[in-house]
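J.: All chains should be modelled from the sequences, with the hints used to inform the complete structure.
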Amino acid sequence: MKFTAEHEALRRTARQFVENELNPFIPEWEAAGRFPIHDVFKKMADLGLLGICKPEENGGLGLDYSYNLVVAEELGRAACGGVPLAIGVQTDMATPALARFGSKELREEFLNPAIRGEYVASIAVSEVHAGSDVAAIKTTAKKEGDDYVINGSKMWITNSLQADFFCLLANTSDDKPHVNKSMIIVPAKTAGISFSEPLNKLGMRSTTTAQVYFDNVRVPQRYLVGAEGMGFMMQMMQFQEERMWACANAVGGLEKVIQQTIDYAKERTTFGQPLINNQYVHFRFAELMTEVEALKALTYQACEQHIAGENVTMLASMAKLKSGRLTREVADTCLQYWGGNGFMWDNPASQLYRDGRLGSIGGGADEIMLGIICKLMDILPKKQK
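Per numbering that gives the first Met the number 0, the sequence shown starts with residue 0, numbered consecutively.
If you're looking for bench data, these hints aren't it; they were derived computationally from the structure. Hints are not guaranteed to be accurate.
[As the list claims (entries may be wrong)] Pairs of lysine-lysine residues, derived as DSS-like cross-links and limited to a Cα-Cα distance of at most 25 Å, are as follows:
1) K200 / K321
2) K142 / K200
3) K255 / K265
4) K42 / K175
5) K141 / K200
6) K188 / K41
7) K103 / K142
8) K41 / K175
9) K321 / K374
10) K137 / K321
11) K374 / K384
12) K103 / K141
13) K321 / K255
14) K1 / K175
15) K200 / K255
16) K42 / K255
17) K175 / K382
18) K381 / K175
19) K137 / K103
20) K142 / K188
21) K175 / K200
22) K41 / K103
23) K1 / K265
24) K188 / K103
[Unchecked claim] DEER-style ranges, computed between Cβ atoms:
25) Q15 / S131: 25 to 31 Å
26) N276 / S131: 42 to 48 Å
27) L201 / E20: 23 to 29 Å
28) Q304 / S131: 22 to 28 Å
29) Q304 / K374: 15 to 21 Å
Quick reminder that beta carbons are idealized off the backbone N, C-alpha and C, glycines included.
T.: So this is what it looks like as structure tokens:
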């Protein structure tokens with residue numbers, strides 16, 4: 000994938016935003032367990048960073064997905080994973096289906112203000128018993144007059160405590176699991192919505208994450224995204240963009256932490272010489288950067304095919320699998336090279352160690368990615384009848 004001058008201009012804008020508007024404040028936000036999401040999103044919107052691939056008629060830039068990956072990479076250079084995650088939820092998890100399938104009126108009511116940085120979006124899919132197994136969700140939305148009445152709960156919902164609306168997946172019929180689900184926009188202040196206390200997470204500390212409860216929540220049926228019964232399909236489509244975004248975001252973070260660790264290894268003297276002079280150490284850095292470059296190439300290839308309108312389920316799943324596993328490997332190796340300093344809470348390698356662990360769980364666990372890949376390779380055993 001060849002980047003143009005326009006790509007590089009957008010990269011510079013995103014990098015400056017991370018350096019000037021995010022990183023100086025991240026220690027404070029991490030300690031507080033939240034960040035001023037509306038303020039940050041408004042600043043991003045003013046730079047055009049919240050609607051890169053969204054339609055121009057809704058205030059977006061109307062660019063192809065490669066521009067989005069450039070920004071995702073640069074957001075990966077933030078000093079934590081939580082703030083980029085909150086941004087990715089807005090741009091690549093909670094709004095793609097709305098932009099693609101939502102009615103004109105629905106997009107004007109929710110997508111436009113999200114692109115302007117006035118609304119914060121959240122994706123409400125996972126449940127206590129249904130994380131990667133999306134087909135197993137139990138939340139229902141039943142028709143009553145001109146409304147849907149929603150009952151159920153959602154778990155591990157990023158941005159939930161600061162959201163203005165949810166992109167909710169719910170069962171709207173008693174049909175088979177893959178055709179009984181619909182996607183519905185639900186304003187966060189609707190009567191009947193309540194929240195747990197903020198969840199006490201291993202990492203991603205600067206995002207607000209909670210369980211969300213829906214008790215006879217009533218929204219108009221016009222808040223349906225696309226057609227009824229097409230929710231599962233739309234969510235699977237959203238997953239592909241979410242996974243590519245996550246991979247590009249990981250690339251930026253991995254490159255940064257490896258370089259920070261290299262800089263430390265040049266300065267740290269052990270037994271009369273810099274740590275990096277040990278062959279095992281500098282060889283290991285070479286191995287890790289080779290793996291990052293391979294992940295980048297796989298992610299870019301998936302992006303190119305996505306732009307061309309091809310099905311990228313295989314490549315996006317492979318990249319997602321590689322991304323989660325490589326993040327764990329890089330975090331563990333770099334933390335080790337920092338020694339005692341690596342065991343400190345505010346060390347960049349320990350930050351990656353905590354935040355990056357989500358990469359093998361969220362958006363489809365490693366095991367789910369392996370199952371998808373095996374299925375597309377036609378080597379997944381058939382279920383016994």
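J.: Of the numbered hints stated previously, which ones are contradicted by the structure, given in increasing order?
T.: 2, 4, 5, 8, 10, 14, 19, 21, 23, 25
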